[in-house]
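Visitor: Sequence:
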Amino acid sequence: MRSGNANFKLSGKRYTTLGLPYDTQSVIHYGPRTASINGKKTIVSKDPTKKIGRSKGWTDLDVLKVNTLYKCDATVTGEPIAKWQGTTELTPTHAGKQTTPRDTMPTSVTMSTVPLEMTTDETTTATRVRATRVVCTFDEDLCGFTEGTSDDFNWSWSQEGKGTPSRRTGPKSDHTIGHGRFLFIEANKKAPGKKAHGLSPVYSTTGPHCLTFYYHMRGQGIGSLNVYLRTVGMGTNDDRKLWSLSGPQGNKWSKAGVTFNTAANFQVIFEGVRGTSAQGDIAIDDMILDTGPCA
1 MRSGNANFKL SGKRYTTLGL PYDTQSVIHY GPRTASINGK KTIVSKDPTK KIGRSKGWTD
61 LDVLKVNTLY KCDATVTGEP IAKWQGTTEL TPTHAGKQTT PRDTMPTSVT MSTVPLEMTT
121 DETTTATRVR ATRVVCTFDE DLCGFTEGTS DDFNWSWSQE GKGTPSRRTG PKSDHTIGHG
181 RFLFIEANKK APGKKAHGLS PVYSTTGPHC LTFYYHMRGQ GIGSLNVYLR TVGMGTNDDR
241 KLWSLSGPQG NKWSKAGVTF NTAANFQVIF EGVRGTSAQG DIAIDDMILD TGPCA
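The numbers in UniProt numbering rise by one with no breaks, and the one at position 25 of the sequence shown is 25.
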């Protein structure tokens with residue numbers, strides 16, 4: 001390899017994964033023979049089925065990362081995007097094995113220029129996160145989410161690239177990349193009205209915030225999905241309902257958004273309520289929390 005080793009080493013303070021899988025075929029990825037002095041490969045993938053580098057066009061993950069970092073709103077499709085599409089909603093084409101935005105709950109991810117501060121909250125023993133943007137795709141981890149201590153049952157973290165286990169309910173794939181993971185409540189063998197809670201870390205930003213996420217509510221026995229804001233501090237917790245939806249909403253991922261104000265540390269709580277039958281799986285994916293009101 002010729003001189004230029006510095007190009008292959010970055011400080012941990014200069015990059016972020018955004019909680020997304022490493023993309024060997026990114027349009028900005030080095031090719032397999034970059035900086036070679038004898039024509040032999042300088043970069044190889046641990047997975048021999050994955051190619052290194054890309055000759056043209058953007059991958060699904062390229063589009064998703066740009067949309068996330070620049071706060072654009074677009075749905076990833078299965079085809080490489082050769083031309084910038086702005087904020088236009090894209091239609092899934094299911095090309096090859098790639099499609100659009102799944103065992104239990106989300107890591108807080110901030111843009112590389114935003115410091116991430118994590119401490120322990122004395123009143124809740126939860127993690128406190130201070131950042132201007134949090135992105136949770138659930139593909140790599142649970143974003144610091146935890147279960148409620150007195151839940152009737154728990155949220156589940158889907159298997160990679162698979163849907164919920166029950167038939168005729170729940171999504172068949174995640175919303176982010178089509179072969180990732182999401183959170184869901186499994187309605188089978190649960191009594192009607194039983195609840196599961198997913199609690200975010202404690203966030204320490206104040207003022208107006210915008211919370212967006214995607215939900216999937218397919219099945220004749222769908223119950224309810226509720227979102228609460230929990231104000232944390234002074235030894236007390238105050239819960240306020242931000243958003244709620246009940247009943248079947250079709251076999252699709254839909255986007256929800258809500259603006260709220262807070263003057264203290266807070267948590268976001270997703271509550272899934274079991275409906276009238278086992279055909280009541282509810283799923284969530286791609287949560288984004290921004291400071292400032294929703295556009």
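Worth flagging that the hints you see were computed from the coordinates, not collected in a lab.
It is possible that part of the hints are untrue.
Straight-line distance between alpha carbons at most 25 Å, and here's what the computed DSS-like set of lysine-lysine pairs gives [to be verified]:
id, residue 1, residue 2
1, K195, K241
2, K241, K194
3, K189, K162
4, K65, K255
5, K65, K40
Pair by pair, the computed Cβ-Cβ distance ranges are [claimed, not checked]:
id, residue 1, residue 2, range
6, N261, Y22, 36 to 44 Å
7, D238, T291, 18 to 26 Å
8, S150, R240, 27 to 35 Å
Quick reminder that beta carbons are idealized off the backbone N, C-alpha and C, glycines included.
Visitor: Taken at face value, is the distance from the CA of K241 to the CA of K195 at most 25 Å?
Guide: Holds, because 15 Å separates the two Cα atoms, which is no more than 25 Å.
Visitor: Do the beta carbons of S150 and R240 sit within 27 to 35 Å of each other?
Guide: violated, 19 Å
Visitor: Does K162 sit within 25 Å of K189, going by the straight-line distance between their CA atoms?
Guide: holds, 20 Å
Visitor: Within a Cα-Cα threshold of 25 Å, do K65 and K255 meet the stated pairing?
Guide: Given pair K65, K255 holds - Cα atoms ~18 Å apart, limit 25 Å.
Visitor: Within a Cα-Cα threshold of 25 Å, do K65 and K40 meet the stated pairing?
Guide: violated, 31 Å
Visitor: Assuming the hint says 18 to 26 Å, is it satisfied by the Cβ distance from D238 to T291 or not?
Guide: holds, 21 Å
Visitor: Just to be sure I understand the hint, the distance between the Cβ atoms of N261 and Y22 should be within 36 to 44 Å; is that true here?
Guide: holds, 37 Å
Visitor: Going straight from one Cα to the other, do K241 and K194 come out at no more than 25 Å?
Guide: holds, 18 Å
Checked against the numbered hints above, the structure breaks hints 5, 8 and satisfies the rest.
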